[in-house]
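Student: Assemble the whole structure, with the sequences as input and the hints as a guide.
If you read the sequences in order, they're chains B and L. The opening position of the first sequence corresponds to residue 0 in numbering that gives the first Met the number 0, with each subsequent residue numbered one higher. The opening position of the second sequence corresponds to residue 0 in numbering that gives the first Met the number 0, with each subsequent residue numbered one higher.
Be a bit skeptical, because a hint or two may be false.
[Claimed, not checked] Cross-link-like lysine-lysine pairs, in silico, BS3-like; alpha carbons within 30 Å at most: (1) L:Lys539 with L:Lys35; (2) B:Lys210 with L:Lys34; (3) B:Lys338 with B:Lys36; (4) L:Lys34 with L:Lys465; (5) B:Lys134 with L:Lys486; (6) L:Lys366 with B:Lys351; (7) L:Lys152 with B:Lys210; (8) L:Lys465 with L:Lys420; (9) L:Lys246 with L:Lys366; (10) L:Lys539 with B:Lys217; (11) B:Lys36 with B:Lys351; (12) L:Lys486 with L:Lys95; (13) L:Lys62 with L:Lys35; (14) L:Lys95 with L:Lys32; (15) L:Lys34 with L:Lys84.
[As the list claims (entries may be wrong)] Label-pair distances were calculated between CB atoms; the ranges are: (16) L:Gln340 with B:Asn279: 29 to 35 Å; (17) B:Ala234 with L:Gln524: 32 to 38 Å; (18) L:Leu161 with B:Arg237: 42 to 48 Å; (19) L:Arg280 with B:Asn279: 36 to 42 Å; (20) L:Arg28 with B:Gln203: 17 to 23 Å; (21) B:Arg237 with L:His69: 49 to 55 Å; (22) L:Thr434 with B:Arg137: 39 to 45 Å; (23) L:His27 with B:Arg237: 52 to 58 Å; (24) L:Pro521 with B:Lys338: 54 to 60 Å; (25) B:Phe120 with L:Thr361: 24 to 30 Å; (26) B:Asn279 with L:Pro105: 29 to 35 Å.
Don't read these hints as lab results, they were simulated from the structure. For every residue, glycine included, the Cβ atom is placed at its ideal position computed from N, Cα and C.
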Amino acid sequence: MRTRRIFLRESALAVAGIGAAPLWLTRAAGAATSRNKILVAIFQRGAADALNMLVPFRENRYYQLRPTLAVPAPGKPEGALDLDGSFGLHPSLQPFHELFQRSQLAIVTACGSPDPTRSHFDAQDYMESGTPGVKSTRGGWLNRALNDDPKASPIRAVAMGPRLPRALRGASSAVAVGNLRDFNLRSQEASGMLESMYSRSEDQELAGAGKDTFDAIKLIESINRRRYTPANAAAYPRGRLGPSLEQIARLIKADAGLQVAFADTGGWDHHVNEANILPNMLREFSQSIAAFAADLGDRMEDIVLVTMSEFGRAAHENGNRGTDHGHGGVMFALGGAVKGGKIHGRWPGLEKEQLFEGRDLAVTTDFRQVLGELISGHLGHSGLSDVFPGFAFTPGGLGMLA
Amino acid sequence: MKRVQYIVAIGVISSFSLLLPAAANPFHRKLSKDKKIQHALDRLSFGARPGDVEAVKKMGLEKWVERQLHPQRIAENPLLQEKLKPLETLALSSQKLVQDYPLRPPNPENAKQTQSPDLRSLLTPMQVRTLRQGSPAERLALIQSIEDEKREKLLAALPGQLRQMVMLTAPVETRRQMMKARQPVAVIASDLMEAKLYRALLSERQLEEVLVDFWFNHFNVYMNKGADRYLVTSYERDAIRPHVLGKFSDMLLATARHPAMLFYLDNWQSMDPRAIENLQRMRRRRGPGMGPLPPLPRQARGLNENFGRELLELHTLGVDGGYTQQDVVEVARCFTGWTIQNPRQGGGFQFAARLHDRGEKTVLGHKIPAGGGEQDGLKVIEILSTHPSTARYISTRLAQRFVADQPPATLIDRMAATFTKTGGHLRAVMRAMLTSREFFSEGAYRSKMKSPLELVTSAVRAVDAKVEAALVLASRIEQLGQPLYRKEEPTGYPNLSEEWMNTAGLLARMNFATVLASGQLPGVQPDLAALRLDQPGVEKQLAAGLYLGSPEFQRK
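Tutor: As structure tokens, then:
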């Protein structure tokens, strides 16, 4: 495990004296074990184009397969940002390049699901249930990654947005929060009575959701009483992901017992005109995550953030300067003891016989291996077979964590 | 309304317990007569209004259901017609919409983001104060009192937030005038949303409206994608609405050919990769002076699988319906050349032979011989609409919406058999479902969560609210997580309850309930007397808010 000091030294953004969040919280349902380990999962919905995020610029095949869409090699105009002489990041991922060079960002190449589906819906469902190919699984892996803790904080598991994603559904309480500022009941008069109605309802699902809601309202109300200013001049971009991550940072710094958080970002399904859309999306994506890391400063030692998308896109571009549905993808991770500055996993190549079904980047690393190493090594969860039932996890197989 | 009192009593007094009888198959347990009526109204309408239960009882439930299956036999509510009348975009062609409702106003002077100085030149200081600090009603009265020509200028000059507030609650003509002055195209979406809500709230043909919502969502398109701003009006009106109780294959074909779908799932740009070379050769051969060839879509260079895949996965067979990646490619090849004539001008469907892949194709084991042209796509529609997987998938989707999240297999079997036997006649499939014992069973009764649209409309109907500003409701539905006509993904909104069961949604529902009941929702006046809540010691507004925010009211 890396020590705080090493993380500080490596983080050019860390500023002495900032980062220690105030331990003001007293009413967090007896939960607030301050400084617990936290996992933040980010989902790029729509199947983000791995080959244009992590660019294999040494491969001639890449340029043959994508005559109008390929990202040029480093050094050329609009060229990739070199990582290791063979792979580079899309130029719009500049903030990621800096994090990589500071050994904070880890990249996993050619990872994804062993299930061959190219359906957005099924693939997202599998990646969130944690059981590719099995639809009957109840709930999701992020919920199962929570430790049993009857005294856990009401906001130990939070998804930003109007709905609770499959990944966070399950036996443990989890809350969806559209916006922290609006998370309260307008009518004081009705509040107590509604709470009582829900607590006494024989409708178990709604009684449960009601309890989660009222518990979260009380806690978030106390968090809202303080103003929030991101530390280290972190600038979250507008849009959806930036504000989501800013609010997660706020919950983390409130020391209110947050353990896992989920945020998503949509619109990655580029069937046409990809070159005009992807750069802006990648910029917002990487700026949001970099702002989060900057905002949390040395606190990132307790946090791991990981990104995923349901599958990658076809290796060859389609007829409309876009890409159709593919297979292998790319994941990014940073924080905690993540071994950054490294591309993990095995590159399978782009020759016809190396491609999955002759057309897509193959999957050489199961996404559950990546998540499993983070859940066991960072969150300290001992029962991975419960989190990913049926998956043969190899402890330390990738070496994601130091 | 016994149920209402009972629910409120729980909130106020509370303490009771309920023993569930040991259950056999809940889909075999019959409902009492009263529950049956309540259930039918919950599922086949956007919620019961005061008096609806009694009306159905009087008519007889079976007769009521059968009438709902024949909407043309039901006289329409004159109030609805009155509400729809000013929404003139509903009846216009896509082409006319492009002409009359451009992205920016033709007279740029009105569009200028002018601020307070202009306000002062138009109004007296007193009037400016009223505009800034007055109540919504006072503001509106002021705007109404100004002569037409000046008002137009004033509306264009209103600063952002004030404008928004005035606009949401303004009478429909004023609202449309304001939008036209700034961003005419926005009128199209707001007309659609208002119409959808007024129909849900006021139409006597409730099942038809529920079905239009269901089928639009099944064949979802996203209104904010480029040209679709101008195409969705016709899509719902011409491709969905006429077929919801007709033949599935007609609706499937109508959606596949509609420019809104062709644009949304990119098929209008999909073409035979060899077509470019052919065209270039033709150009060379033509020589100078022979007139220009029609232009190609800007991005078009080859095949696009987007439509082919969603057609199989979402519209017909279902993801487990037994197709392969190769089938996706073959279907996409069949539909090359199904394009749009001038999409930016609201043009219609066009088959462009020069973009079509003329080769032989094999779809789901069926050989489609070379040279079929436009027939290739029609053949695919036929294969898909008669495929047993489609019968099952469509039946399952319907049963998930109308019966239960996990509908019993016996019911699906019967519905699918009806689908196949009748050549995909949706009225027959609906009737098979609505007369089944599974539909009127304890397993189905109150088993589903209302969607945000259903929650909002059923609450407004329950308190018999007078609605002058349907857009206020639309924005509430959006806050609850279901922006109308703006679901970006082709999957549409989920039919399953668990999707709506979460803290953020529940909180927003409770807030909506209390705001609606207290009469603070601008342009939406509830009639609490209609609810007949006589709870001693509890104020009426509070009691109504508790009822609409209760766990029971979230179910249908």
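Student: Decide, hint by hint, whether the structure agrees.
Tutor: Hint-by-hint comparison with the structure:
1. Restraint check for L:Lys539 and L:Lys35: satisfied, since their Cα atoms lie roughly 29 Å apart, inside the 30 Å limit.
2. The suggested pairing of B:Lys210 with L:Lys34 holds, with an alpha-carbon distance near 28 Å, which does not exceed 30 Å.
3. Restraint check for B:Lys338 and B:Lys36: satisfied, since their Cα atoms lie roughly 17 Å apart, inside the 30 Å limit.
4. The straight-line distance between the Cα atoms of L:Lys34 and L:Lys465 is roughly 28 Å, inside the 30 Å bound, and the hint therefore holds.
5. Pair hint B:Lys134 plus L:Lys486 holds up; C-alpha atoms about 24 Å apart against a cutoff of 30 Å.
6. This hinted pair checks out: L:Lys366 and B:Lys351 have alpha carbons roughly 27 Å apart, not beyond 30 Å.
7. At most 30 Å may separate the alpha-carbon atoms for a hinted pair to count; L:Lys152 and B:Lys210 exceed this at roughly 51 Å.
8. Distance restraint check for L:Lys465 and L:Lys420: the Cα-Cα separation of roughly 45 Å exceeds the 30 Å cut-off, and the hinted pair is therefore not satisfied.
9. At roughly 25 Å between alpha-carbon atoms, L:Lys246 and L:Lys366 fall within 30 Å of each other, so this suggested pair holds.
10. Simply put, L:Lys539 and B:Lys217 have alpha-carbon atoms about 27 Å apart, close enough for the 30 Å limit, and the pair holds.
11. Using a Cα cut-off of 30 Å, the hinted pair B:Lys36 and B:Lys351 is violated, with the two alpha carbons roughly 43 Å apart.
12. As the CA atoms of L:Lys486 and L:Lys95 are separated by approximately 25 Å, the hinted pair is consistent with the 30 Å bound.
13. With a CA separation close to 13 Å, the supplied pair L:Lys62 and L:Lys35 stays within the 30 Å bound.
14. For the proposed pair L:Lys95 and L:Lys32, the alpha carbon gap of about 51 Å is over 30 Å, so the pair is violated.
15. Between L:Lys34 and L:Lys84 the alpha-carbon distance is near 37 Å, which puts this suggested pair outside the 30 Å criterion.
16. Checked against the given bound of 29 to 35 Å, the beta carbons of L:Gln340 and B:Asn279, roughly 31 Å apart, stay inside it.
17. Under the hint 32 to 38 Å, the C-beta atoms of B:Ala234 and L:Gln524, about 45 Å apart, miss the expected range.
18. Between L:Leu161 and B:Arg237 the CB atoms are about 23 Å apart, so this pair departs from the stated range of 42 to 48 Å.
19. Taking the beta carbon of each, L:Arg280 and B:Asn279 are about 38 Å apart, inside 36 to 42 Å as hinted.
20. The given range of 17 to 23 Å is respected by L:Arg28 and B:Gln203, whose C-beta atoms sit roughly 19 Å from each other.
21. For B:Arg237 and L:His69, the hinted distance range of 49 to 55 Å is satisfied, since their beta carbons lie about 51 Å from each other.
22. L:Thr434 and B:Arg137 have their C-beta atoms about 33 Å apart, which leaves the hinted 39 to 45 Å range violated.
23. Take L:His27 and B:Arg237: their Cβ atoms lie about 54 Å apart, and the range 52 to 58 Å holds.
24. Separated by about 56 Å at the C-beta atoms, L:Pro521 and B:Lys338 satisfy the suggested range of 54 to 60 Å.
25. The given range of 24 to 30 Å is respected by B:Phe120 and L:Thr361, whose C-beta atoms sit roughly 26 Å from each other.
26. Taking 29 to 35 Å as the suggested C-beta distance range, the pair B:Asn279 and L:Pro105 conforms, at roughly 31 Å.
In terms of the numbered hints stated before, the structure departs from hints 7, 8, 11, 14, 15, 17, 18 and 22, listed from lowest to highest.
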